[in-house]
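Chemist: Chain residues, written in single-letter form:
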Amino acid sequence: MNENVTESHPSGASWVLVGVAWVLVGVPLLWGIFITFKKAALLFR
Amino acid sequence: MAGLLDRERIVAGPGFNRWLVPPAALAIHLSIGMAYGFSVFWLPLSKAIGITAPVGCAADASLLSPLFTTVCDWKISQLGWMYSLFFICLGSSAAIFGGWLERVGPRKAGVAAAFCWGGGFFLSALGIRTHQLWLMLLGSGIIGGCGLGLGYISPVSTLIKWFPDRRGMATGMAIMGFGGGALIGSPMADLLMKHFATPASVGVYETFLTMGSIYFVAMLCGAFGYRVPPTDWKPAGWQPKVTANAMVTNRHVHVREAWRTPQFWFLWGVLCLNVSAGIGVIGMASPMIQEVFGGKLIGVPGVLADLTTEQKAQVATIGAAFAALLSFFNIMGRFLWASASDFIGRKRTYLIFFLLGILLYSSAPGAGKSGSVALFAAIFCVILTMYGGGFATIPAYLADMFGTQFVGAIHGRLLTAWSTAGILGPVLINYIREYQISHGVPNAQAYNTTMYILAGLLGVGLICNLAVRPVAERYFMSESELAAVRGAK
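These protein sequence lines map, in sequence, to chains A and B. In case it helps, my numbering puts the first sequence at residues 1 to 45. In case it helps, my numbering puts the second sequence at residues 1001 to 1489.
The set of hints was computed from the structure by calculation and includes no laboratory data. Careful, some of the hints might be misleading.
[Claimed, not checked] In silico lysine-lysine, BS3-like type, Cα no more than 27 Å apart, as pairs:
1) B:K1234 to B:K1347
2) B:K1194 to B:K1296
3) B:K1347 to A:K39
4) B:K1047 to B:K1241
5) B:K1296 to A:K38
6) A:K38 to B:K1241
7) B:K1369 to B:K1312
8) B:K1347 to B:K1241
9) B:K1347 to B:K1369
10) B:K1347 to B:K1075
11) B:K1312 to A:K38
12) A:K38 to B:K1234
13) B:K1296 to B:K1241
14) B:K1234 to A:K39
15) B:K1194 to B:K1075
16) B:K1047 to B:K1075
17) A:K39 to B:K1241
18) B:K1347 to A:K38
No experiment lies behind these values; they were computed from the predicted model shown.
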């Protein structure tokens, strides 16, 4: 590749892939945060 | 197979979406982040033979016998060696293999990390099955620890190159995953152990096999998701700032030279002291809130020692809830502070960590004395955001000071500061506390001096940060040296 190559605009399909990738890592992370909050809620009873 | 992992094979083509790289990095960091959650295994493993209660070892057993015994249970303190091995191997492997990572690219390093971390789980499973502690320590502690180091640094350089406009945010996203790994891994391990437990087994062996498989696949997916940008790639419409900010260089320092600069060692001190203070707080947060507030946490009068066994159990549950809350703020701080550093600058971000840190660490004893649980908890939540933020902002700080060409390798070497802090922090806290209690200081007050000493550590960190100045001209690579390095890759 040459110097100063700039980002060509990603296709619509690539944004679908981005969405899928983020869901795959985001759902477990949100589940973990939910469990943590459930535990932490005891502090505020 | 070798070709599939080569750097040349993963140079992104036109139209590649750079937002695919952070989730790939997160897949790896969320997997290795389980290192923080290993304590979930200690209690079941401490009764792996006795099942319902631990089987004690003979009083005359030798020092090394726990490593090989198959007739009595391991103690939690023996299993705790795993954490020390994690910290030591993480820093050492990141320092040793950082240069190799820059040469071969992130995919090969990510795959190696998957084999080490996943393979470490499998070897540990064998150690649990045969009740051989040495095999467990070798598997997860040493081999897995090397996987931690490799996996931790594998996306850093790549993310910084993909997001030159938001270096802090990009690395913050990945390093947030390392903090979040235990949030997923600990409850998952708990569910799996309950599922696999039988009258003859505590279910840990099967849990290790299952989790090792999950992590191995997730990390491979992450590694194969990595793409590196073409040389000198820039986001559309973005131009590096031409304003004379000497604290952000557009040139590059070779990893061989970086550690000879005073800046490297000042930043080493910055990370080590920020982490030492933070680790100290994490370790004592749960017992501290219980001992400082005692019965007040459950609405009854009296200090902890005056409570009934049932009340103490309730207070302990509140302590665990507090630790869970802190872990959330730890991961949030990683993303938020690192992202904020893109706007306020890295040096100023650490200035805030140290100044605000000194203020908060020094205020904690007063908050405890005032009896306000909410104020006390709020102070520790903010402290934990800055502990996480310290980890997540350092790669961007390094890229600003030393350039992006070798930032992965330089970051790897800097992580020895984390290993040092992993030993220094807990040792310091435990010894100070034991010393005070042995000299008649009440348990609840023994934390006060510790907090002031931790504030002192932050004071030294503040001086290190203030001493960071732009790197001297002689350390930067010439254009021909840079071209030679890039040609060699």
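Chemist: Does each hint fit the structure? Answer for all of them.
Modeler: The hints, checked one at a time:
| no. | hint | result |
| --- | --- | --- |
| 1 | B:K1234 to B:K1347 | 24 Å, holds |
| 2 | B:K1194 to B:K1296 | 33 Å, violated |
| 3 | B:K1347 to A:K39 | 36 Å, violated |
| 4 | B:K1047 to B:K1241 | 60 Å, violated |
| 5 | B:K1296 to A:K38 | 21 Å, holds |
| 6 | A:K38 to B:K1241 | 45 Å, violated |
| 7 | B:K1369 to B:K1312 | 20 Å, holds |
| 8 | B:K1347 to B:K1241 | 17 Å, holds |
| 9 | B:K1347 to B:K1369 | 34 Å, violated |
| 10 | B:K1347 to B:K1075 | 44 Å, violated |
| 11 | B:K1312 to A:K38 | 21 Å, holds |
| 12 | A:K38 to B:K1234 | 43 Å, violated |
| 13 | B:K1296 to B:K1241 | 55 Å, violated |
| 14 | B:K1234 to A:K39 | 44 Å, violated |
| 15 | B:K1194 to B:K1075 | 21 Å, holds |
| 16 | B:K1047 to B:K1075 | 9 Å, holds |
| 17 | A:K39 to B:K1241 | 46 Å, violated |
| 18 | B:K1347 to A:K38 | 36 Å, violated |
The structure fails to meet hints 2, 3, 4, 6, 9, 10, 12, 13, 14, 17 and 18 from the earlier list, while all remaining hints are met.
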